[in-house]
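Visitor: Chain residues, written in single-letter form:
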Amino acid sequence: MAVTTDPGVVDLRDPSGWRQAKNRLAVGAMWFAFICLVVPLGFVLVGVIVKGASKIDWSFLTSSTIPPPTLPPLLAKIEGTGGIGAAIVGTLEITAFASVIAIPLGILGAVYLNEYGGNRPLARLLSFLSDVMTGVPSIVMGLFIFTVWVIPHGLTGLSGMAGSFALACLMLPIVIRSSYEMLRLVPDSLRQGSYALGASKARVTLTVVLPAAAGGIVSGALLAVARAAGETAPLLFTIGVVTATNGNLFSGPNTALSTLIFSEVLQPYPNAVAFGWGAALTLIAIAFILMIAARLVTARFQRYSR
Amino acid sequence: MEQPEQDVVEQTVSANLPRLETRVQPPSTVPGNTIFEVRNVSIWYGSFKAVTDVSLPIYENEVTAFIGSSGSGKSTVLRAFNRMNDLVPGARVDGEMTYRGADLYARGVSATAVRRRIGMVFQKPNPFPKSIYDNVAYGPRINGIRGKAQLDEIVEKSLRGAALWDEVKNRLKQSGLALSGGQAQRLCIARTIAVEPDVVLMDEPASALDPIATLAVEDLIRELKQNYTIVIVTHNMQQATRVSDRTAFFSVLTDSKNDTRTGILVEHGSTQKIFEDPQDSRTQAYVTGRIG
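Sequences listed follow chains A and B, in order.
If you use the working numbering, the first sequence corresponds to residues 1 to 306, in order.
If you use the working numbering, the second sequence corresponds to residues 307 to 598, in order.
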């Protein structure tokens, strides 16, 4: 028993000194890191909104003809016409098809790794390869599809589908990794509960493990979609260039918001640069909508997890 | 919670030992059919021999309690009855284990078919992250029952059987995870009996529950005995005396020469006999609280 000077009252205050100083120091460091993180993000967001918002209107979003980059004084009449509708359509269809390829494959791969693979050499190899794929620069994915798909098909090789292949290569390891982590979080007691009722392994996986992990898997997949929608490099060599809407994903060159931004802001004409900013804001808005969808879907799937 | 009237037998094993007040169930009458016959069973996890040379019978419509200290292999033996040990990589069963005359570990025996007849309730309540209704309907559904009316009936019957119906009948669509610990455990029992098993194995079903919930689960076990054969692992000796007809006492055998430990079955018999007149000094020491 500690002896206190005042036997009636126990001193319950925090002892001041080094411990409190350490606490303040750590909290201060966290605030500093937080501000370091938020300030650049804020600048990016504000910059894009300020420069892009003036461009955004209905015809900008829907007009299907992307105007040639012009110097306003020379071709003033063209300014204000045209829009990025073609690129929005391109981005949506390319990303959607990439998702159709990568999300089911990725989830199945993760199910194999966590539920079936165990410590088998094949599972270890797949896990290792998928980690390596995560680190591969996205432009390499573009080059890969360019080499194995576009070149063998000659001029007809450039298409939205080729872009989808490249994006799918990019998304696959992200989906595998995020789904795998979610499946790992499913407590073993749930699997055992299902086995104890006489369920087969496939049943356990389909009716207990996947539903329990569904929220996380879906939000991981949607984050991968958002990431892919903003990628430029995999599309540079694979979809070609086009200035009008190409609704056919499988033939003919296509265009996307990210590649449009890339080509417009490289132009010396202020009009083209402004066009790029407008497209950038649109792309951020699409990613934002996907994030919100991810949140909503996650909440929907987790309504039974308390 | 009123307990059913029983013959209360106060007993002391020896004048020098601490007194242990127990409510021992009256000796059961002639045992029914043998459900499980365990003969010279040893169970291995890889190179670790968890249980050595266990032999005992389990009788129909009785509650058999497995007691013993940690590491004595009682859960391991319990999990061998419905082949849950198959899920542990490297687990292996030597010896013979029969269920109603059929060898549980014979070639061609399907673990899922075994588990559909021999259900299990776990130490920690593990309701699925689904609604209460879907939790109970899960087993019947995987057995191919799809009809809404039929499922409704099974769900109500099972929840009534687990003494949970009145508490949840108005919120069947709510998550099974929103229940309290005791309710969740009764939900797991309802889920187990929904597939109408022959045997229910319980691995310390009340150890994560408060005393009131424990009593509710114990009352339930006594009721379930009418229709099911129950094997229960428990660390709580009072619980064993309250619910079981027969008791098997497991202990750890330490070999100091090779530095190995393994679980052994020391003694089994009617619960009254084990607690009042044990034949083995280790059993006596354990049930009187001197060790374990």
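Simulated from the structure, these hints should not be mistaken for lab results.
A portion of the hints provided could be inaccurate.
Computed cross-link-like contacts, DSSO-like style, restricted to lysine-lysine with a CA-CA straight-line distance of at most 30 Å [stated by the list, open to error]:
1) B:Lys475 x B:Lys430
2) B:Lys531 x B:Lys475
3) B:Lys479 x B:Lys463
4) B:Lys463 x B:Lys430
5) A:Lys201 x B:Lys463
6) B:Lys531 x B:Lys463
7) B:Lys436 x A:Lys201
8) A:Lys201 x B:Lys430
9) B:Lys531 x B:Lys563
10) A:Lys201 x B:Lys454
11) B:Lys430 x B:Lys531
12) B:Lys563 x A:Lys201
13) B:Lys563 x B:Lys436
14) B:Lys479 x B:Lys454
15) B:Lys479 x A:Lys201
16) B:Lys436 x B:Lys531
17) B:Lys463 x B:Lys475
18) B:Lys454 x B:Lys436
All values derive from a computational prediction rather than experimental measurement.
Visitor: Compare the structure with each hint and give your call.
Guide: Okay, the hints, checked on the actual structure:
Pair hint Lys475 of chain B plus Lys430 of chain B holds up; C-alpha atoms about 23 Å apart against a cutoff of 30 Å. With a CA separation close to 24 Å, the supplied pair Lys531 of chain B and Lys475 of chain B stays within the 30 Å bound. With a CA separation close to 17 Å, the supplied pair Lys479 of chain B and Lys463 of chain B stays within the 30 Å bound. Only pairs whose Cα atoms come within 30 Å are accepted, and Lys463 of chain B paired with Lys430 of chain B is accepted, the gap being roughly 24 Å.
Distance check on the hinted pair: Lys201 of chain A and Lys463 of chain B sit about 28 Å apart at the alpha-carbon level, within 30 Å; holds. As the CA atoms of Lys531 of chain B and Lys463 of chain B are separated by approximately 16 Å, the hinted pair is consistent with the 30 Å bound. The suggested pairing of Lys436 of chain B with Lys201 of chain A holds, with an alpha-carbon distance near 19 Å, which does not exceed 30 Å. Distance hint between Lys201 of chain A and Lys430 of chain B is fulfilled; the C-alpha atoms sit about 22 Å from each other, no more than 30 Å.
As the CA atoms of Lys531 of chain B and Lys563 of chain B are separated by approximately 44 Å, the hinted pair breaks the 30 Å bound. Of the supplied pair hints, the one linking Lys201 of chain A and Lys454 of chain B holds, its CA atoms being roughly 25 Å apart against a limit of 30 Å. About 22 Å separates the Cα atoms of Lys430 of chain B and Lys531 of chain B, which keeps this hinted pair within 30 Å; it holds. A distance of roughly 42 Å separates the Cα atoms of Lys563 of chain B and Lys201 of chain A; the hinted pair therefore is violated under the 30 Å criterion.
About 51 Å separates the Cα atoms of Lys563 of chain B and Lys436 of chain B, which puts this hinted pair outside 30 Å; it is violated. Using a Cα cut-off of 30 Å, the hinted pair Lys479 of chain B and Lys454 of chain B holds, with the two alpha carbons roughly 14 Å apart. Taking the CA atoms of Lys479 of chain B and Lys201 of chain A, the gap is about 26 Å. The hint holds against a cut of 30 Å. As the CA atoms of Lys436 of chain B and Lys531 of chain B are separated by approximately 28 Å, the hinted pair is consistent with the 30 Å bound.
At roughly 11 Å between alpha-carbon atoms, Lys463 of chain B and Lys475 of chain B fall within 30 Å of each other, so this suggested pair holds. Distance check on the hinted pair: Lys454 of chain B and Lys436 of chain B sit about 17 Å apart at the alpha-carbon level, within 30 Å; holds.
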